[in-house]
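Residue 551 in the working numbering sits at position 551 of the sequence shown, and the numbers go up by one each step.
Among these hints, one or two may not hold up.
[What the hints assert, rightly or not] Pair by pair, the computed Cβ-Cβ distance ranges are:
#1 Lys69 x Phe494: 47 to 57 Å
#2 Leu350 x Asp253: 33 to 43 Å
#3 Lys236 x Glu23: 16 to 26 Å
#4 Trp27 x His402: 43 to 53 Å
#5 Phe354 x Val67: 37 to 47 Å
#6 Gly406 x Lys285: 28 to 38 Å
#7 Ile34 x Leu211: 35 to 45 Å
#8 His402 x His516: 44 to 54 Å
#9 Ser61 x Ile34: 33 to 43 Å
[Unchecked claim] For lysine to aspartate or glutamate, the following DMTMM-like pairs were computed, each having C-alpha atoms within a straight-line distance of at most 25 Å:
#10 Lys22 x Asp253
#11 Lys285 x Asp266
#12 Lys104 x Glu226
#13 Lys236 x Glu159
#14 Lys246 x Glu23
#15 Lys285 x Asp253
#16 Lys73 x Asp467
#17 Lys285 x Glu159
#18 Lys236 x Asp266
#19 Lys104 x Asp237
#20 Lys363 x Glu159
#21 Lys69 x Glu509
#22 Lys246 x Asp19
#23 Lys22 x Asp205
#24 Lys236 x Asp253
#25 Lys66 x Asp467
#26 Lys201 x Glu23
#27 Lys285 x Glu509
#28 Lys459 x Glu62
#29 Lys236 x Asp205
#30 Lys521 x Glu509
#31 Lys285 x Asp205
#32 Lys22 x Glu238
#33 Lys79 x Asp205
#34 Lys73 x Glu62
#35 Lys57 x Glu75
#36 Lys79 x Asp467
#37 Lys104 x Glu159
#38 Lys201 x Glu226
#39 Lys363 x Glu509
#40 Lys104 x Asp266
Hints listed in this document are in silico derivations from the structure and should not be mistaken for laboratory results.
None of these values were measured; they are calculated from a predicted model.
Every residue gets a Cβ at the ideal spot worked out from N, C-alpha and C, and that includes glycine.
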Amino acid sequence: MAGGGQPVGPGMFKAALADTPKEAFNWRLMISVICFGLMGAARGLDEGLIGTTVTQKSFISEYNLKVTKTFTKAELAQKTGNITAMVQIGSVGGALIAFIFCDKIGRIWATRQLCAIWIVGVIVYITAAGNYGQVLAGRFVMGLGIGQTTVVAPAYLAEIAPRSIRGLCICIFSGSVYLGIMLGYFANWGTSIHIANNTSKQWIDATILHLVFAGIILFLTCFSLESPRWLVSVGKDEQATTNMCKLRQLSPDHPYVRSEMIDIHDQINREREATLGSGFFGPLKELFVLPRNRYAILLGLACQLMGQWSGAQSITIYAPQFFALLGTTGSSEKLFATAIFGVVKFVSALICAFFLVDFLGRKRSLTIGIIIQFISMLYIAIYLTAVPSISTGQVQSTIAKHAGTGAIVFIYFSGVGWALGWNSIQYLIGAEIFPLRVRSLGTSMIMCFHFVNQYGNSKAVPLMLIDGSPGLSPKGTFWLFVAVTALGLGFVWFFLPETAGKSLEGMDEMFSLPWHIIGRKGAELTAGKGSVAEAIAIGDHEKADIMAREEQVEDAEERPAHV
1 MAGGGQPVGP GMFKAALADT PKEAFNWRLM ISVICFGLMG AARGLDEGLI
51 GTTVTQKSFI SEYNLKVTKT FTKAELAQKT GNITAMVQIG SVGGALIAFI
101 FCDKIGRIWA TRQLCAIWIV GVIVYITAAG NYGQVLAGRF VMGLGIGQTT
151 VVAPAYLAEI APRSIRGLCI CIFSGSVYLG IMLGYFANWG TSIHIANNTS
201 KQWIDATILH LVFAGIILFL TCFSLESPRW LVSVGKDEQA TTNMCKLRQL
251 SPDHPYVRSE MIDIHDQINR EREATLGSGF FGPLKELFVL PRNRYAILLG
301 LACQLMGQWS GAQSITIYAP QFFALLGTTG SSEKLFATAI FGVVKFVSAL
351 ICAFFLVDFL GRKRSLTIGI IIQFISMLYI AIYLTAVPSI STGQVQSTIA
401 KHAGTGAIVF IYFSGVGWAL GWNSIQYLIG AEIFPLRVRS LGTSMIMCFH
451 FVNQYGNSKA VPLMLIDGSP GLSPKGTFWL FVAVTALGLG FVWFFLPETA
501 GKSLEGMDEM FSLPWHIIGR KGAELTAGKG SVAEAIAIGD HEKADIMARE
551 EQVEDAEERP AHV
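The task is simple: from the sequences and hints, build the whole structure.
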């Protein structure tokens, strides 16, 4: 409970849910959430497909991915890393340009243009016919489209979702990442069984899944509504109210719609007063000069750094190699184990979205996930230290074999921890913590950093697993993952605030607190403050304050906007 007896955590969720009219949960909202949520599959498909494609015999033969007398293991790791990580390089550029499209042409048209870029990249990639340079070019263009999804989709979902289920709606995106990964794993496993190893159709048929999902998303944009918050930001107030009414299936004079629109206009007016200039550099200065925004951007960047180097993302991309490392033999067996790994992550992501992230809160859910991930990485690190000969394929004792089975099981547990923790938070936090004026730019910078780290991770992990220089060895790699997860646990406890149940506009109140208080007590100290919608959910005693703020907003709208 907060100092004023106001609920936080599950209590805040129940208050926000009780305050949400049942009409707000409707087919219009569902279509929009599905459309933008499915964009998570763009990243997931690439991670699931490329990690297993580079182990397909047809792909290995077509692009000479095997050690020879003139082609060393380190050179093979470099070439594999280049193919795997090229989408991440393109995604850095995609994340950088996403905020421009997002703010200038809106969330709907930004989605359409990124799907077009994504489709072009896939076509270039699958028609390479052995041309290594064309493969890299195609995957780079794919990345320009895929990178934008991580900015456009979470921002849109955060803006159109009722605050009581905002975490669920954004986690549909992160859950779709694992839908894509799972489908990618199974597609390559299926083609490895049913299509001959000597034909490129083995990996091309699986890659066509990219085109299927891009087409579905393009089709669904025809039935999705533009974000009311973006419409207000560009001066289309009437259209914003119309879209909000359609999304909530309520009339314009309904208290729920009125409170949301008041908060949006209120925040826009406050942002205009705090602006540090127009154009590109104005919002950029606001991100790093204003203390409230500076804490948010540093928080988002740190979450990306901790999440990407905690190890689970590496296992996702290079799952077949990790299963081979722990004793799984045979191409089909590795791909099948990897496919089951995708199922585990997908189911875990759904559990987090539907049962944890809003009810327990972001902080508790992330803490549980990190603890599971830490225990899993610790077991595998200890196992590889105690049984180093597993990676050489030597015959093991019965005890060592049982311990190896346990290590494989803990690979699956690490996926559960990642899906419950960092995977959801890395998208959710960035979409929630920024004011409207800098939301797209802030999310864009965070996701740019995300892909820079993922690229570095994709390039580094194959080399890190090599025994001796320049590698850390398998056991050293997992000890690094253990250290990062432990560091992440302390970071979350001290710096990450609880955002469940808070309106987007109410975040300003929390992030205006002293920096050393935000993470530990921010949610409690600001429960029910900072927005009309939260005040209504907390109780009717706030009505006088609501009326006063309505008058302030009306007065501010009558004055010329300050630029």
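How the hints compare with the structure:
no. : hint                        : in the structure
1   : Lys69 x Phe494: 47 to 57 Å  : holds, 53 Å
2   : Leu350 x Asp253: 33 to 43 Å : holds, 37 Å
3   : Lys236 x Glu23: 16 to 26 Å  : holds, 24 Å
4   : Trp27 x His402: 43 to 53 Å  : holds, 52 Å
5   : Phe354 x Val67: 37 to 47 Å  : holds, 45 Å
6   : Gly406 x Lys285: 28 to 38 Å : violated, 53 Å
7   : Ile34 x Leu211: 35 to 45 Å  : violated, 19 Å
8   : His402 x His516: 44 to 54 Å : holds, 47 Å
9   : Ser61 x Ile34: 33 to 43 Å   : holds, 39 Å
10  : Lys22 x Asp253              : holds, 16 Å
11  : Lys285 x Asp266             : holds, 22 Å
12  : Lys104 x Glu226             : holds, 13 Å
13  : Lys236 x Glu159             : holds, 16 Å
14  : Lys246 x Glu23              : holds, 10 Å
15  : Lys285 x Asp253             : violated, 38 Å
16  : Lys73 x Asp467              : holds, 11 Å
17  : Lys285 x Glu159             : holds, 23 Å
18  : Lys236 x Asp266             : holds, 15 Å
19  : Lys104 x Asp237             : holds, 16 Å
20  : Lys363 x Glu159             : holds, 21 Å
21  : Lys69 x Glu509              : violated, 64 Å
22  : Lys246 x Asp19              : holds, 18 Å
23  : Lys22 x Asp205              : violated, 43 Å
24  : Lys236 x Asp253             : holds, 18 Å
25  : Lys66 x Asp467              : holds, 18 Å
26  : Lys201 x Glu23              : violated, 48 Å
27  : Lys285 x Glu509             : holds, 20 Å
28  : Lys459 x Glu62              : holds, 21 Å
29  : Lys236 x Asp205             : violated, 45 Å
30  : Lys521 x Glu509             : holds, 12 Å
31  : Lys285 x Asp205             : violated, 47 Å
32  : Lys22 x Glu238              : holds, 24 Å
33  : Lys79 x Asp205              : holds, 23 Å
34  : Lys73 x Glu62               : holds, 18 Å
35  : Lys57 x Glu75               : holds, 19 Å
36  : Lys79 x Asp467              : holds, 18 Å
37  : Lys104 x Glu159             : holds, 16 Å
38  : Lys201 x Glu226             : violated, 39 Å
39  : Lys363 x Glu509             : holds, 18 Å
40  : Lys104 x Asp266             : holds, 22 Å
Consistency note: the structure conflicts with the earlier hints numbered 6, 7, 15, 21, 23, 26, 29, 31, 38.
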